[in-house]
Amino acid sequence: MYYVELAVQGLIYGSMYALMALGLTLIYGLLRVLHIAHAAVFTLGAYVGVITANATGSLWIAFPAAILAAVLAGIAIYRLVYAPLLDRPPLVPLIASVGLLILLEDLFRIVFGNQGIAFNENPYVYMTVTIGGLSIGVLQLAMFVGSVASLSAFAAFVAFSRTGAAWRATLGNPQMATSFGVSVAQVRYLNFAIGSAFAGLAGVLIALLNNYAEPGMGTIVSYKTLAIIVLGGLGSMRGALIGSLLLGVIESYGTVYLSGGVDRDAIAALCLIAILMFRPEGLAKRIAA
Amino acid sequence: MLEIEDLTCTYGSVVAASQVCLSVKAGEILALVGSNGAGKTSTIMATMGHVRITGGSIMLDGVDVTRLGPRHRARLGMAVVPEGRRLFADMTVDENLTVGGYTRTKPAARQARERAYALFPRLAERRRQIAGSMSGGEQQMLAIGRALMVSPKVLLIDELSLGLMPKIIDLCMETIVRLKREGIAIVLVEQNTDRALEVADAVVVLASGRVVKAGTPEMIRADDTFFQTYIGLDGGQAVRNQVEANVEQRSS
Ligand SMILES: Nc1ncnc2c1ncn2[C@@H]1O[C@H](COP(=O)(O)OP(=O)(O)OP(=O)(O)O)[C@@H](O)[C@H]1O
Ligand SMILES: [Mg+2]
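Keeping their order, the protein sequence lines are chains C and B.
Mapping to my numbering: the first sequence position 16 is 16, numbers consecutive.
Mapping to my numbering: the second sequence position 241 is 1241, numbers consecutive.
Check the hints yourself; a few may be wrong.
Claimed, not checked - Just a few of them, taken from the derived set where beta-carbon distance is under 10 Å, the chain B residues facing chain C:
id, residue
1, Pro1070
2, Pro1082
3, Phe1088
4, Val1099
5, Arg1104
6, Pro1107
7, Arg1146
Calculated directly from the structure, the hints in this document are not laboratory data.
The beta carbon of each residue, even a glycine, is placed where N, CA and C say it ideally should be.
Take the sequences, apply the hints, and build the full model.
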């Protein structure tokens, strides 16, 4: 039973990683930019969620507000930072992205304070439900259900809608996609909007789980998702999903079995190093583009 | 329907096309022929808007599209079957057609899809197959089908027969003749000059990026040495080969 519980915990965290990693891998697939500042969008979502919930007393307003803020931030980052740099060597947008993450984290510090802000009221923190003999926190369950639902909706959109087809066509062959009337610019905006919406959602969910938002909360998430998309093969959506769940579970077991020497958050870094050494193309082979 | 005047495009110091003029009416096939590196693909891609031109103008059905991007040219009724097919390789046959019909309304796209499947029943049998896993002939049919989803006024085809077996070439040639009868203006780039001249209403011969001859297929055929020099193998390679063969015979 204990092992099952660990696995469930792992999958729950893994689903949150998936929300973050998906946006990152999509953006990498389309622009070949490692969007490190994605983590700042996540933090922004968390802050807007907490502040809105405190101001209105309603999570039903907090979620959409956080997602909207994240979407606008993501689009602004593309428009103002990446778009002008796309013609430069790939290192340039990468450095810009790292700089932007540091800048935004400091901005959060200046605007919201060093300490972070907590929810005035968060009745869900200690609530649990029992499913099949397992006791699971309500928020953890919400995180899992929310992630799975939004990722499934996205998968359905990509697989079955015309816009989804145009999107995949643009990923594989942008020049030919424009030959048939697809706007690459629109696809890019849509890409940032959806990826950032997921990051904003993940931000609020994590804020709820921790009960507060703080300036540096994105840093760990940023290198974990980086590890995941390397694990899954850069640019591969399926790989990112598998990598996320895998990392969640590895962390979950690792915390127990490696508790003497290794911190939970160091496991992702170890995985990253191991993958880069032994299988740099990622675990899941990329489907031919 | 399509009028190109003085089209010039360069890659750095390489002049790929220089002052190319050509014009195709609705319901006409123009064969664009020439040896390797003559500038055929560059002309096609510049016409679609993928290669920036340094001079000249392109009119599509009376609209000056010179400054428009490929996306807008597609919306105005231009479609391309590019060299090497360039399908969306990891997507299914059906999805490739879906992207082809991106600019159309849903009902129009549905109709165009049925039409493409009627034209190439082979594709209909393989709707769910991944495009990249199909044979060369099937891929070429899909490339044509995808372009037809646009319901084009002007269809640009680069290397229709390359790598296909004769039976499939016949099918493709028949198909484009059918499309021309329906009123589409077609520019056909073709290595297989004999086949191109069979179906063409007009011919433009390119060499080193310039138009060296334009006229009816009969006129081009009539001029035998010309034919050998410019459209035989690689830029007169046939002639050179002949000379070398003679030299070898004499020396042995
Ligand atoms: N992207 C490019 N960069 C630099 N030069 C190019 C590029 N594309 C084509 N060229 C040059 O432009 C000239 C014309 O090439 P193009 O591909 O248009 O010829 P083509 O007639 O289609 O030849 P083929 O019959 O081999 O397909 C060639 O000299 C080629 O080397
Ligand atoms: Mg060519």
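The hints, checked one at a time:
1. Pro1070: 5 Å, holds
2. Pro1082: 7 Å, holds
3. Phe1088: Phe1088 of chain B check passes; min Cβ-Cβ to chain C is 5 Å, inside 10 Å.
4. Val1099: Where the cut-off is 10 Å and the nearest Cβ of chain C is about 4 Å from Val1099 of chain B, the hint holds.
5. Arg1104: Where the cut-off is 10 Å and the nearest Cβ of chain C is about 9 Å from Arg1104 of chain B, the hint holds.
6. Pro1107: 13 Å, violated
7. Arg1146: It holds, given that the least Cβ distance between Arg1146 of chain B and chain C is near 7 Å, below 10 Å.
In this structure, the one hint that does not hold is number 6.
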